[in-house]
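Protein chains in written order, with my numbering: chain Y, 1 to 161; chain S, 1001 to 1789.
Bear in mind the hints are in silico, worked out from the structure with no lab data behind them.
Computed from a prediction, not measured in an experiment: that's the story for all the values here.
Backbone N, C-alpha and C fix where the C-beta goes; we use that ideal spot for every residue, glycine too.
Worth double-checking, as some hints may not be accurate.
Stated by the list, open to error - Label-pair distances were calculated between CB atoms; the ranges are:
1) S:1424 <-> Y:31: 36 to 42 Å
2) Y:42 <-> S:1396: 28 to 34 Å
3) S:1787 <-> Y:120: 37 to 43 Å
4) Y:19 <-> S:1237: 37 to 43 Å
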Amino acid sequence: MEITVTINGQARTSEVQPRKLLVDYIRTDAELTGTHIGCDTTSCGACTVLLDGVPVKSCTVFAVQANGKSVTTVEGLKQNGRLHPIQDAFKEYHGLQCGFCTPAMMLVGTALLEKNPDPSEDDVRWAISGNICRCTGYVNIVKSIQGAGKAIQALASGQAS
Amino acid sequence: MTTTHDQLSTSAEIGGIGHRVRRVEDARFIQGAGNYLDDIKLPGMLHMAILRSPVAHAKILSIDTADALALPGVVAVITGADLEGYNLAWMPTLSGDTQAVLATDKVRFQGQEVAAVIAEDPYTAEDALALIFVDYDDLPAVTNPRQAMEEGAPVIRDDKEGKTDNIVYHWEAGDKELTDRAFAEADVVVSLDTHYPRSHPAPLETCGAVADVNPATGKATIYLTSQAPHAHRTLFALVAGLPEQNIRIISPDIGGGFGNKVPIYPGYVVATAASLVIGKPVKWVESRTENLISTGFARDFHMHGELAVSREGRILGMRTHIWSDQGAFYADAQPSKFRAGLFHICTGSYDFPAAHVVADGAYTNKAPGGVAYRCSFRVTEASYLIERLVQNAAYELGIDPAEFRMKNFIRPEQFPYHSPTGFVYDSGDYHTALQKALDAVDYPNLLKEQEEARQEGRYMGIGIASFTEVVGAGNSRDYDIVGLKMFDSAELRIHPTGKAILKLGVRTQGQGHETTFAQIVANELGIPVTDIAVVEGDTDNTPYGLGTYASRSTPVGGAATAVISRKLREKARKLAAHLLEASDEDLEWEPGRFYIKGAPDKGVTIQDVAFAAYTNMPEGMEPGLEGVHYYDPPNMTYPFGSYVVVVEVDPETGVWKVLRMIAVDDCGVRINPMIVEGQITGGLTEGFAKASMQWITFDDDGNCIGSNLMDYLIPTAWETPRFELDETVTPSPHHPIGAKGVGESATVGSPAAYVNAVIDALRPFGITNIDMPVLPHRVWSAVREAQAG
Chain Y
1 MEITVTINGQ
11 ARTSEVQPRK
21 LLVDYIRTDA
31 ELTGTHIGCD
41 TTSCGACTVL
51 LDGVPVKSCT
61 VFAVQANGKS
71 VTTVEGLKQN
81 GRLHPIQDAF
91 KEYHGLQCGF
101 CTPAMMLVGT
111 ALLEKNPDPS
121 EDDVRWAISG
131 NICRCTGYVN
141 IVKSIQGAGK
151 AIQALASGQA
161 S
Chain S
1001 MTTTHDQLST
1011 SAEIGGIGHR
1021 VRRVEDARFI
1031 QGAGNYLDDI
1041 KLPGMLHMAI
1051 LRSPVAHAKI
1061 LSIDTADALA
1071 LPGVVAVITG
1081 ADLEGYNLAW
1091 MPTLSGDTQA
1101 VLATDKVRFQ
1111 GQEVAAVIAE
1121 DPYTAEDALA
1131 LIFVDYDDLP
1141 AVTNPRQAME
1151 EGAPVIRDDK
1161 EGKTDNIVYH
1171 WEAGDKELTD
1181 RAFAEADVVV
1191 SLDTHYPRSH
1201 PAPLETCGAV
1211 ADVNPATGKA
1221 TIYLTSQAPH
1231 AHRTLFALVA
1241 GLPEQNIRII
1251 SPDIGGGFGN
1261 KVPIYPGYVV
1271 ATAASLVIGK
1281 PVKWVESRTE
1291 NLISTGFARD
1301 FHMHGELAVS
1311 REGRILGMRT
1321 HIWSDQGAFY
1331 ADAQPSKFRA
1341 GLFHICTGSY
1351 DFPAAHVVAD
1361 GAYTNKAPGG
1371 VAYRCSFRVT
1381 EASYLIERLV
1391 QNAAYELGID
1401 PAEFRMKNFI
1411 RPEQFPYHSP
1421 TGFVYDSGDY
1431 HTALQKALDA
1441 VDYPNLLKEQ
1451 EEARQEGRYM
1461 GIGIASFTEV
1471 VGAGNSRDYD
1481 IVGLKMFDSA
1491 ELRIHPTGKA
1501 ILKLGVRTQG
1511 QGHETTFAQI
1521 VANELGIPVT
1531 DIAVVEGDTD
1541 NTPYGLGTYA
1551 SRSTPVGGAA
1561 TAVISRKLRE
1571 KARKLAAHLL
1581 EASDEDLEWE
1591 PGRFYIKGAP
1601 DKGVTIQDVA
1611 FAAYTNMPEG
1621 MEPGLEGVHY
1631 YDPPNMTYPF
1641 GSYVVVVEVD
1651 PETGVWKVLR
1661 MIAVDDCGVR
1671 INPMIVEGQI
1681 TGGLTEGFAK
1691 ASMQWITFDD
1701 DGNCIGSNLM
1711 DYLIPTAWET
1721 PRFELDETVT
1731 PSPHHPIGAK
1741 GVGESATVGS
1751 PAAYVNAVID
1761 ALRPFGITNI
1771 DMPVLPHRVW
1781 SAVREAQAG
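Put together the whole structure using the sequences plus the hints.
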């Protein structure tokens, strides 16, 4: 099947098998390996990407279902050569160890912050509860997402004034 | 007693020991630019998938691969019979046993490797698996070590000549006679039977390999999810008969290990054999189910423990017998002298003269492994048993569990402390750590609160665990893995421009080595962390070492780093003396700079010296500023801590909730407190996981219940408790920078604290034990049984 998917702002048209998973399409066809695979039961969330801005687990979406839609992966977070505030925050608050869950955690975090710029600890914990981390115990992931929220707000108020 | 802040001897710009330096490695991970195993793509690369046994124990009558081979896109189908032709159907394990690579005679656990398909793409490889037909003749399954040791149990390892039972080992430690006497003199004997359940490390990245054997040169470059790349290279040489100089193991970025990536798995060997025969690179990445059902499990100890205690509250002795479920192949990664790992550290933080340990290992029809899951060789099981026993002993004597611990702790002046099972504890201050944790919860008030809650019909529980770990193997005299002595190494090169590259035999999997080991060099030489690259995981480009597990990187690799830095500093001193036209005894050192005694403005920086090492060395001096050091530790390090958990249990539903979790950890000098704290919160979560939900279990036929992440429960952010951290700092007296390992302390120490808290809450019912995981239905059932009397 021919599909057109806009990945990180770039439209991409190609032939894919109907059974091809979106995660394999992203990793193999589009060669964007920042999206990871951690399980095969939609449990771990390592493959989370944004599909039209909404977090989805790309191991449970067929590539053909993304036809005509836009996908954001970790590689799309950086804008105009500058890291997204959530990327800075994960480093600043030591929100990662092995780094395998990190791209997904950051994308879920950005989606949360879009809706809720100043989330409580519980808000963040609930938002990332579809994503497993084996290293950190989540403490610093929560701090990173909250810290990013504050940074985004500060940036916005700086631009407004 | 010192605090972390007293350790700061370098500026924030240099970023030596004690600084919360932000991690160097993060830059690539936050941009999705890490390079994990599955990200590797080589020209012409083929893909492998493995067919696994659907049953736990069966004879293989036939394997028909014709239909699979006929599928377009399939390049080869490999069976055990094919491997036999290369003498590769069996391989040695890290414990000196043998393990089937692809089954030939029979299958011995559900999920065992039976055949492999090599295809042009991964989807085709999976498709072809469904076209392989295997005729099995079922045999009865053995799923428990006690059952395995019974007379007449089906013999699992009939491949071993003359083997007529399922016994793997019988091992003892301590003094039986002395212990028997202690028990004869005891006023009270407290006993506990419990099962430390089978668990799986389940790193978020599964295991895999990309084998690339160059048909022209014979050079085998094998990308491997490996915590121990050098040891794996040597084993590959021994298994596959390849000359070791022609094997290059590259362990790329590792998405968590926790012991799961210590063993060599059949998939690695088959992929390498396939690449060798086909002449193209072959990639194999296991699925999560494959990871959970076939690769290194952990724990699975059936434990009986007894404490002999005096009426006054002194522990007199300990006796324990454990039955270890080894699965179908003895594939533990234990030091060869110690068949039950370091379980004999089971006297814990307490001073008493007599202990005796009996350990029996048995084969069962379950996956092999027995890896130290975020743990130093079975110290987790040991710590759990003593901490549970101590609580029950305190209850039996009517003494508060905190007071009972304080009374029996090894005292600070007793270090180095010789334990009754042969360990020499390097340093500790257990009273201070526990007191700090008790103060944090305002223990006297908390006890009152608990009493009031009980009167209101609420079941609040307080659990303590005061653990001692033993980490950082070896010395080489006592510790080896299949004969390879447990030392480690560091090679440091200082470039002419004063920048440095540090190469290590250990392999980070998220612990932050690229930052912390640079901090050690920064501390010793004054070169800023940002000027130091750390390289690990490529056997062609790093010195030999045994790898990263059992919290050994900082105790051994970190020590090697400090020593080689100091050696280079001594050479640098001579170069500085030459530059300053002074005698080297007349020089003083401050981080990053030598100067003339009494004339601090007359000096040269380490960067000046580095340049001189290549451009202006004195007559007769060997050029360059680099060296390698192999560090053989004089002893293990003994991190410790005290954890206090407060829970509330609902006896109507069996649900329990952590109200507070206080963790006071002492890992000696903290190189990077930020990273240490991250290790601890991660470990506390894994401890909670084991206490509350995480286990791999089997039905009587040997079917694995827990073969995916819907059945094998791992806590998410929502279930994970909040933690309150504190520290004491008791440096290791024998480690060059006073550091101890820390990556596993919290996984080792915390399970007993959580379980002790639940048991404490249920004291009014007279409940003294619930096995892990303490699932709500187990709590509910225990309460119902207690009420029924």
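Cross-check of the supplied hints:
1. S:1424 <-> Y:31: 36 to 42 Å: Once the Cβ atoms are compared, 54 Å apart, the range 36 to 42 Å for residue 31 (chain Y) and residue 1424 (chain S) is violated.
2. Y:42 <-> S:1396: 28 to 34 Å: violated (48 Å)
3. S:1787 <-> Y:120: 37 to 43 Å: Cβ of residue 1787 (chain S) to Cβ of residue 120 (chain Y): about 40 Å, so the range 37 to 43 Å holds.
4. Y:19 <-> S:1237: 37 to 43 Å: Taking Cβ atoms as reference, residue 19 (chain Y) and residue 1237 (chain S) lie about 41 Å apart, which means the hint holds.
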